[in-house]
Amino acid sequence: MCLSQHFWQFLIPGITLGCLYALIAIGYTLVYGVLQLINFAHSEVFMTGGFAGLFVCQALVGTGKVPHGAQSVSYMLAGICCSAVFGAIVAFLLERVAYRPLRRRNAPRLIYLITAIGASLFLFNLAGKLFGRDKANIPDLYTDGVVFTVFGAQVRVQQLIIVGAAVAMMLALDTVVNRTKLGAGIRAVAQDSQTASLMGVNINRVISQTFVIGGLLGGAAGFLFGTYLNVHYQMGFLPGIKAFAAAVLGGIGNIRGAMLGGLLLGIVESVSQSCMSSQWIDVVAFVVLILVLMFRPTGILGQRLGRAA
Amino acid sequence: MSQIGELPARVRRSRSVDPRLVRLFGWLVLGALLRLMTVTTEGTSTDHLLVIDEAFKSPALIAWLVAAVAVWAVTELWRARRIGAAVTVHTAGVRKQWSTIADRDLSRKLSLLAVVAAAIVIPQFLSEFYQRVLVDQVAVFVLLAVGLNVVVGWAGLLDLGYIAFFAIGAYTCAYFTGSLPVTPPFVLNPFVILPIAVIVCLAAGLLLGAPTLRLRGDYLAIVTLGFHEIVVLFLVNKNNWTGGNQGVSKTVPHFSINLFGIHYQWTLASLPYWYLFIGMLAIVVFLFARLEHSKVGRSWTAIREDEVAAAANGVPTVRYKLMAFAIGASTSGLAGVLYASRLGYINPASFPIVLSISVLSYVIFGGMGAIVGVIVGASLLTFLPAVLQEQNLVRQEDIPMWVGAVLVVMMLFRPQGLIPSRRRRRELRLASEGIADADAMSEAPEGRQR
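Sequence lines, in order, name chains A and B. Under our numbering, the first sequence has 218 at position 218, and the numbering climbs by one with no breaks. Under our numbering, the second sequence has 343 at position 343, and the numbering climbs by one with no breaks.
These aren't lab readings, by the way, just hints derived from the structure by calculation. Mixed in with the good hints, there may be bad ones.
[To be verified] What the simulated footprint calls covered on chain B by chain A, stretch by stretch (three residues with Cβ under 8 Å from a Cβ of chain A suffice, anywhere in the stretch; the number is not a length): (1) 210-218; (2) 228-236; (3) 308-314.
Every residue, glycine too, gets a C-beta built ideally from N, C-alpha and C.
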C-alpha cells in the first residue's frame, strides 16, 4: 500500500504546510464570522506579508553570510513582525476603502464578492508590476539542518520554526478571542451584530479589528511561507483558495475549526503525494472542498464563530 | 467621524481631525497610487524597489499630486455649495419614462438597425490590425460577456470559472477536428462541433452546479474558481490526451461550408470571421432577449429579488439557478469553438483565471442584466486596451491591474454599470434601503433541510 511506505516522510511537511493553511484560514473565518462574506482579497494580504518579509530580510542580511544564534532569532522575529504589520495594514485599508462604503450602502453580497475579486486582482498585479514577476527567495536567516528523525522521516529546523511560530500565534489568537474584551466584541458581532450594537459594541471598530487580526496572521503566514518556498506576486492565489477550503472543512466562521481544517488539509494534501504524482496535488484541496460542501456543508466543527469559540 | 454609522447616539471624539483634511490626504494617496500604476517600467527581481524609486523621483509625481489637490479643491467647493441646496428631485425621471414609450420603441428599433449596419459596414474600412482586434478581442469577449450576463446579471450568481467552459469548448473543437494527440472516432467540421460543444459544456455546467447551487451563493464562486484550476491542471498534465503545455499538436482547421453546392472556406483573413462571429452573436442575443422576459427570465428576477418569496410562490429556485449556470457555460463553450477554430492554436495558457475575472469586469462595467450595456462594456474594455497597447501607452502585463481597479471603482460608485438595466438599478436601490435582495447569494430555500 502506497500510504504506509512513506507516510511519515510526507506527514512532517504536511503538518508544516497545514499550519500555514491554518493561519490563512483563520483570516477567512474571522471575517466570515463577523460579515458573512468571503474576503477573496485575503490571499493578497498573505502576498503582502511575503514581500514585506522579503524586503526586511534583504535589508537585514544583505549579501553577508548566514546569521546564527541570537542574530537569527532576532532577524526571524523582525521578519515575522514586519510582515504581520504590513499584512494588517493592507487588510485594514481593504476594509476601509473597499468594504466599508459597501456596508454603509447595505450592498448585496454579489457586490461585495466582485469588489473583493477586483481588489485581489488589482493588488497582486500591482505587486507584480512594482516588484517584478519572477520568483524571489528570502535570504537564509539560519542554517537549515536535520534536527531529529521520526520513524525514518527527517524533521528540519525550518519545519520546527514554522510549526512553532504558527502554533504560538494560534494559541495567542485563541486567548485573545476567548479571554479579552476585544475577543468578546468579535464574538458578539459574529453572534448577532444588531443586538451587539444595541449593547454598545462599536460594530465598525470591531470589524476593523477583525480584519487587522486576520491580516496580522495572514501576513506572518506569508513570510513563513516565503522562507519555506519563495515569494512571488501570485503566491497568494493557490494557498488562498486552499486555506478557504480548509476553513470550510473545519466549519466556516469557527476559529478552532479553521485551525483543525488547515492542519487536516495540509496533511491530506501532503500524504496523498505518496499515492499520486505531485502534479495533481492542487486538485486534492478542491476535491476536499466539493466533498465537504456536498456531504457536510457546516464543516467538521460547525459554523458559528460565536457559538463554537 | 464616520465610525458612528448606524450606532445609537455616541459622543463624537473631541480630537477628531477636520474631514476635509482627511479627504485631502485620501486624494493625495490616490494621486501617488496612480503615479505608481502608470510607471512605464516594470520591476525586476534583482532590485525590487527600482520601480518605486523611479516613480517617486520623477517630476510626474508632482503633476499627479497637483492634480490630486486640484480635484480635492473642486470637490470641496462643490460639496460646500451643495450643502445649502435642496435635495435632488427624483420624480422627474419617472414622469418622463411614461410619456414616450411609443417614441422609445421606434428609436430603439432604429438605433438597433444603425448598430447592425455599422457592425457590417465599418470593419471593411479598418486596417488589418483593427480588424484583428475586432475579431480576436471584441467579438470573442462580447459573446463571452453576453453569456456571463445570464449568470451574473440575470440569475445573480457569481461564476469565476467561466473561462473553464471556454477551454472545454475550445478543446472539444480541437478533439473533434483531430488536432489533439488522441484520435477522435470521426473528424468533423467546426460547424457541426458547435452543438456538440454546447451540449458538453451544458453537461459540465450541470455536473458542477448541481451539488453547489444548493448552498450559499458565495461557495459557488470559490468552487468555480477551483473548477477552473482543475480543468487547467487536467489540460497541462494529461499530455497524451491534450498535448500538455505545448497545446494542440496540429492546427485546428478553420470553419468551412460544403453544403448544397456552396463551398466556402474561412481563412486567416479577419473580415469573414468577423461576420461569422457577429452572426453567432446575433443568434445568441436574440435568444437571450427572448429569454429575458419569458417565464424563465421572470423566475430569475424573482429569485434575485427575494429567493424565499420566489420559492414560496412555486419557483423551483435551484433548478432555475442551475439552468442559468448551464446556459452561461454553454455560451462560453460556443465561444470556445469559434475561438479555437479562428486562432488555430490553443494551449492551457490561453485560458488563465484572469480571463474569467476580465469577462466579469466587462459585464459589470457595461451594466449587469442589460444586454446592450454588456455589449457596449465588453466592446469598450476590449477595444481600448488593445489600442492603448498598440500605442505603447499601457503594457500588456498591466491590463489585469487596470481591470481590477475598474471592478472596484465600479462597485463602489456605480454598481449598476454604464448602461444599467432599469430593473437591476431599482433592485440595487431597494437593497440599499433594506427592502429586497439583488442577488441569489442566500441559501436556496429548498436546499436547507440538508
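Verification of the supplied hints:
Only residues whose beta carbon comes within less than 8 Å of a beta carbon in chain A count, and the stretch 210-218 of chain B has 5; three or more means the coverage holds. Check on the stretch 228-236 of chain B: 4 of its residues sit with their Cβ under 8 Å from a Cβ of chain A, so the three-residue criterion for coverage holds. Residue count for the stretch 308-314 of chain B with a Cβ under 8 Å from a Cβ of chain A: 0. That is fewer than the three needed, and the coverage hint is violated.
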